[in-house]
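Novice: If you read the protein sequences in the order shown, they are chains L and A. When we follow this note's numbering, the leftmost residue of the first sequence carries the number 2, and every step to the right adds one. When we follow this note's numbering, the leftmost residue of the second sequence carries the number 2, and every step to the right adds one.
Hints were generated in silico from the structure; no laboratory data involved. Predicted model, so just to flag it, every value in this text is computed and none were measured. Just so you know, not all the hints are guaranteed correct.
Which copy is meant is left open, so a pair is good if it fits within one copy or across any two.
Here are the computed lysine-lysine pairs in the DSS-like style, where the Cα-Cα straight-line distance is at most 25 angstroms [as the list claims (entries may be wrong)]: (1) K138 - K148; (2) K181 - K156; (3) K174 - K8; (4) K174 - K156; (5) K148 - K181; (6) K183 - K156.
Protein chains: 2
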Amino acid sequence: MKNNHEKIDLPVAQVRRYLEPGPIVLVSSASQGARNIMTMGWHTVMEFAPSLIGCVIASGSHSFAMIRASGECVINLPTAALVDAVVEIGNTSGDSVDKFGRFGLTAAPADRIAAPLIRECHANFECRLHDGALIDKYNFFIFEVVKAHVAPVPKHPETLHYTGDGVFMVSGKIISRRGKSKSEML
Amino acid sequence: MKNNHEKIDLPVAQVRRYLEPGPIVLVSSASQGARNIMTMGWHTVMEFAPSLIGCVIASGSHSFAMIRASGECVINLPTAALVDAVVEIGNTSGDSVDKFGRFGLTAAPADRIAAPLIRECHANFECRLHDGALIDKYNFFIFEVVKAHVAPVPKHPETLHYTGDGVFMVSGKIISRRGKSKSEML
Chain L
2 MKNNHEKIDL
12 PVAQVRRYLE
22 PGPIVLVSSA
32 SQGARNIMTM
42 GWHTVMEFAP
52 SLIGCVIASG
62 SHSFAMIRAS
72 GECVINLPTA
82 ALVDAVVEIG
92 NTSGDSVDKF
102 GRFGLTAAPA
112 DRIAAPLIRE
122 CHANFECRLH
132 DGALIDKYNF
142 FIFEVVKAHV
152 APVPKHPETL
162 HYTGDGVFMV
172 SGKIISRRGK
182 SKSEML
Chain A
2 MKNNHEKIDL
12 PVAQVRRYLE
22 PGPIVLVSSA
32 SQGARNIMTM
42 GWHTVMEFAP
52 SLIGCVIASG
62 SHSFAMIRAS
72 GECVINLPTA
82 ALVDAVVEIG
92 NTSGDSVDKF
102 GRFGLTAAPA
112 DRIAAPLIRE
122 CHANFECRLH
132 DGALIDKYNF
142 FIFEVVKAHV
152 APVPKHPETL
162 HYTGDGVFMV
172 SGKIISRRGK
182 SKSEML
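Using the sequences and the hints given, assemble the complete structure.
Specialist: Structure follows, in structure tokens:
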């Protein structure tokens, strides 16, 4: 689980750089003295400014209640080194165990919200609920990223992408078509 | 652009296997005798059954008008071999050119909708608009996948994952934690 834990600020409009490729993420939350972590694979960028992320959080989960009550969470980006923690976090309910202690993860204070960052992750995106109109119908939350922290290296971390059935794809090679891309696509 | 173009049916509840990892996709549409293709990176799985996909389609685009008018589209999964077509499609507006002809792509008839499949893609997901409540506010469409076609091999195609700035990540190695994953995560 070696990683670069020193983070720098990322402009929130650039969060898409890490989330648009579709990695599995760890969502940390806090409410009334308790804290929790869940895995999440169903999310999408929705806007650059404000920096909006839409995601589905299962309504039966411990995290759902905490995030709905607090209106906050942190979206944390784990690397492939954390795959076993990611799986175990997905297997475990937060109503019976403190997942930070159980899986050797460090809760670090956020700047703008009360929910904790997961220090061992490559990036941490502090989120506030922006629009809850589709929560009841689809468990769909629209968050605004209000502060973003990323490790400066590596530039392209090995991320985990879930295909279902217990199988992950790990991010591979990088190819650039920058010279061929028109600005509005950048 | 060599690929396996013979497709088999995929149960629509299993579409997450291809979309949850976060690939860039090509969205094909048709309306009033015209057809178009756009690139899309902002999408998420929202439900297994019905098979729901949420996605953002820029309101100024030619595709936005066609998809809103027809209430239909096809989400097509290109492989890394199609990267240059993906970039060029993103660079080009469909009001001035037929992108199928321009980029050497084959429009194949869909089973359940009028919009065409892109034959050269690894998978094709026929979609009908399920909920347009967030279109005006966020350009966010919720589609139901009503029919899914996939090439049977390779099992894990090389997909493209956009990081912005003209740079793509290509899907890499596969790691399984199937034995360690509880059924509800599968």
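Novice: All hints are to be evaluated individually against the structure, with a verdict given for each.
Specialist: For each hint, the structure was consulted:
no., hint, in the structure
1, K138 - K148, "between (28 angstroms within a copy, 23 angstroms between copies)"
2, K181 - K156, "within (21 angstroms within a copy, 30 angstroms between copies)"
3, K174 - K8, "within (24 angstroms within a copy, 27 angstroms between copies)"
4, K174 - K156, "both (12 angstroms within a copy, 19 angstroms between copies)"
5, K148 - K181, "neither (31 angstroms within a copy, 34 angstroms between copies)"
6, K183 - K156, "within (23 angstroms within a copy, 33 angstroms between copies)"
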